[in-house]
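With the hints as constraints, model all of the structure from the sequences given.
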Amino acid sequence: MTKNLLAAFAFTSFALLTGCANNAIFELQVSLPAVMQPIPTAPQITHVKMQIQPGPSVWGDSWAVTSTQTVGPIALTGVDQEITIDVEGDGDHLDGAVDVRILYCSSDDCGNSVSERWFEFRRPFFKGKVTNYRIEAALTTTGLEVSDDEGTEPPPAQVIDKCQVAGCVDTNGEFLANYCDNGVHWCERE
Amino acid sequence: MLGKRTMSWAVLITAIVSACALQASSAQAQNAGEAPAGAAAAPAVSTDPNREVARQAYIDGTTAAEEARWADALRLFQQAYDLSHNPAALFNVATTLRALGRHRDARDAIDHLFRDHPSLPEELRNEALAMRTQEAARVATLAINNAPQRPDLTVRLDGRTLEVPSTRPIRLETDPGQHSVDLSADQPPELQAFHWEQMLADGELAIVNVDMPEVDHGSILASPWFWTVVGVVVIGAGVATYLYMNDKAQLVPGGDYQVSFPN
Chain R
31 MTKNLLAAFA
41 FTSFALLTGC
51 ANNAIFELQV
61 SLPAVMQPIP
71 TAPQITHVKM
81 QIQPGPSVWG
91 DSWAVTSTQT
101 VGPIALTGVD
111 QEITIDVEGD
121 GDHLDGAVDV
131 RILYCSSDDC
141 GNSVSERWFE
151 FRRPFFKGKV
161 TNYRIEAALT
171 TTGLEVSDDE
181 GTEPPPAQVI
191 DKCQVAGCVD
201 TNGEFLANYC
211 DNGVHWCERE
Chain S
8 MLGKRTMSWA
18 VLITAIVSAC
28 ALQASSAQAQ
38 NAGEAPAGAA
48 AAPAVSTDPN
58 REVARQAYID
68 GTTAAEEARW
78 ADALRLFQQA
88 YDLSHNPAAL
98 FNVATTLRAL
108 GRHRDARDAI
118 DHLFRDHPSL
128 PEELRNEALA
138 MRTQEAARVA
148 TLAINNAPQR
158 PDLTVRLDGR
168 TLEVPSTRPI
178 RLETDPGQHS
188 VDLSADQPPE
198 LQAFHWEQML
208 ADGELAIVNV
218 DMPEVDHGSI
228 LASPWFWTVV
238 GVVVIGAGVA
248 TYLYMNDKAQ
258 LVPGGDYQVS
268 FPN
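Each protein sequence line maps, in turn, to chains R and S. Position 66, counted from 1, in the first sequence is what this note's numbering calls 96; the numbers after and before it change by one each time, with no gaps. Position 259, counted from 1, in the second sequence is what this note's numbering calls 266; the numbers after and before it change by one each time, with no gaps.
The set of hints was computed from the structure by calculation and includes no laboratory data. For clarity, every value in this text was computed on a predicted model and none was experimentally measured. C-beta atoms are modelled at their ideal positions from N, C-alpha and C, and glycine is treated no differently. Incorrect hints may appear among the rest.
To be verified - Pairs of lysine to any residue, SDA-like flavour, derived with a Cα cap of 25 Å:
{"hint": "1", "chain 1": "R", "residue 1": "79", "chain 2": "R", "residue 2": "190"}
{"hint": "2", "chain 1": "R", "residue 1": "157", "chain 2": "S", "residue 2": "122"}
{"hint": "3", "chain 1": "R", "residue 1": "157", "chain 2": "S", "residue 2": "260"}
{"hint": "4", "chain 1": "R", "residue 1": "157", "chain 2": "S", "residue 2": "251"}
{"hint": "5", "chain 1": "R", "residue 1": "79", "chain 2": "S", "residue 2": "259"}
{"hint": "6", "chain 1": "R", "residue 1": "157", "chain 2": "S", "residue 2": "265"}
{"hint": "7", "chain 1": "R", "residue 1": "79", "chain 2": "S", "residue 2": "251"}
{"hint": "8", "chain 1": "R", "residue 1": "157", "chain 2": "S", "residue 2": "59"}
{"hint": "9", "chain 1": "R", "residue 1": "79", "chain 2": "S", "residue 2": "213"}
Claimed, not checked - Not everything, but these chain S residues come out facing chain R in the computed CB check (under 7 Å):
{"hint": "10", "residue": "108"}
{"hint": "11", "residue": "174"}
{"hint": "12", "residue": "176"}
{"hint": "13", "residue": "233"}
{"hint": "14", "residue": "268"}
So, in structure tokens, the structure goes:
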């Protein structure tokens, strides 16, 4: 009798204590291009740097705020490569956006970007869940045409809605266009 | 009832004493003037001081019996027998024990009489035999089953410690009435004490089934301190587990690079 009570207490305690993660992971899979010089007038792209911070951000020169986390510069190689960045959210960040700035650079310190791409994930975190998104970060001529070096503003941020963030449904590794059902994300259903 | 018994008892004493007194002091002339009223055949006067004391004790015992002062009578008859070795005195001891309800002792006194005085007068022998049969039939017996065979076993009958026999079941003889039996064994492993109590009728055979399980001193489950410690440990473990699991339950970033937003 006593042993059963103790066992029940231990099991209940374990059940209550586990599975109560307060954080969330947003996994970014970024496909990086090989070293390249997309157009003759542009310098060769040798490095990529990524800045990540809670959104929403004011895109442009005011991007560099204190909460920015930096990945890289990552040296590009002769072949395409793929990296994974796990962004951990907690507390107030769970309901917020995540902004990602990818800088394509011609130097190893990435002091001046040749081109940039901006992404705003409106709702990538779900408490206790792991979500992910794949960014094809191949440099495009469009990016170069609008780079600072060309004297124009970067293209507007690519907004990623929560329904485009993968997670909480088994897709056999395939990425779907929509992870919501009637506007409710699968991670919000569990 | 005692009054009737006293009368017949006194008559018997008179007869017995008449027979035995002569045997006890054949060299002495009987002094009828010293006998108690109604007991003309008191033991004869002797020059032996012990015998004179015995004779007086006998006379006083007879008086006490006639007055139903049985405890005094028993003491005086016993004194008379011890000093004179007169079988009449021993017979009167048995008779007094019967009057006191001590049937087992009365039977034993008769046995003593037969053993130590094989040449009793016929009348006394017949009376003694009849009494023995009656008294033996009234002795109650306790058969104590399942008494543990342990050297530290203590058996008490009505609070009186008995020598424990090696045979089982233990058989105890006693007189009719209310009786109690207590068994205990205090050496490790200690046994739970056993108590039995019952009213016994004349000649009844009572079966006493003893149950003496081991005392569970070693069971820590009976200790409130144990449960206090268990409670403290469980609560402490719960808190520690909560803290540990709360930390472990957090999702851990993997990947090639990790970014964490400070909260």
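Keeping to a limit of 25 Å between CA atoms, is the pair of residue 79 of chain R and residue 190 of chain R held or broken? Satisfied, since the Cα-Cα distance of roughly 20 Å is no more than 25 Å.
Identify whether the interface hint at residue 268 of chain S stands, where standing means a beta carbon of chain R within less than 7 Å of its own. Hint on residue 268 of chain S: holds, closest Cβ of chain R at ~5 Å, below 7 Å.
Does the structure keep residue 157 of chain R and residue 260 of chain S at a Cα separation of 25 Å or less? OK: residue 157 of chain R and residue 260 of chain S at ~14 Å, within 25 Å.
Hey, residue 79 of chain R versus residue 259 of chain S, does the alpha-carbon distance stay inside 25 Å? It holds: about 23 Å lies between the C-alpha atoms, which stays within 25 Å.
Holds or violated: residue 79 of chain R and residue 251 of chain S, Cα atoms, limit 25 Å. 36 Å, violated
Can you confirm whether the C-alpha distance between residue 157 of chain R and residue 59 of chain S stays at or below 25 Å? 116 Å, violated
Checking one constraint from the list: CA of residue 79 of chain R to CA of residue 213 of chain S, max 25 Å. Satisfied? 102 Å, violated
Just to be careful: measuring from the Cβ of residue 108 of chain S to every Cβ in chain R, is the smallest value less than 7 Å? 53 Å, violated
Identify whether the interface hint at residue 176 of chain S stands, where standing means a beta carbon of chain R within less than 7 Å of its own. With a closest approach of 38 Å, the residue 176 of chain S hint is violated.
Any CB of chain R closer than 7 Å to the CB of residue 174 of chain S? 43 Å, violated
Can you confirm whether the C-alpha distance between residue 157 of chain R and residue 251 of chain S stays at or below 25 Å? This hinted pair holds, its Cα atoms lying about 19 Å apart.
Hint check: is the beta carbon of residue 233 of chain S less than 7 Å from a beta carbon of chain R? 11 Å, violated
The earlier numbered hints that this structure contradicts are 2, 7, 8, 9, 10, 11, 12, 13.
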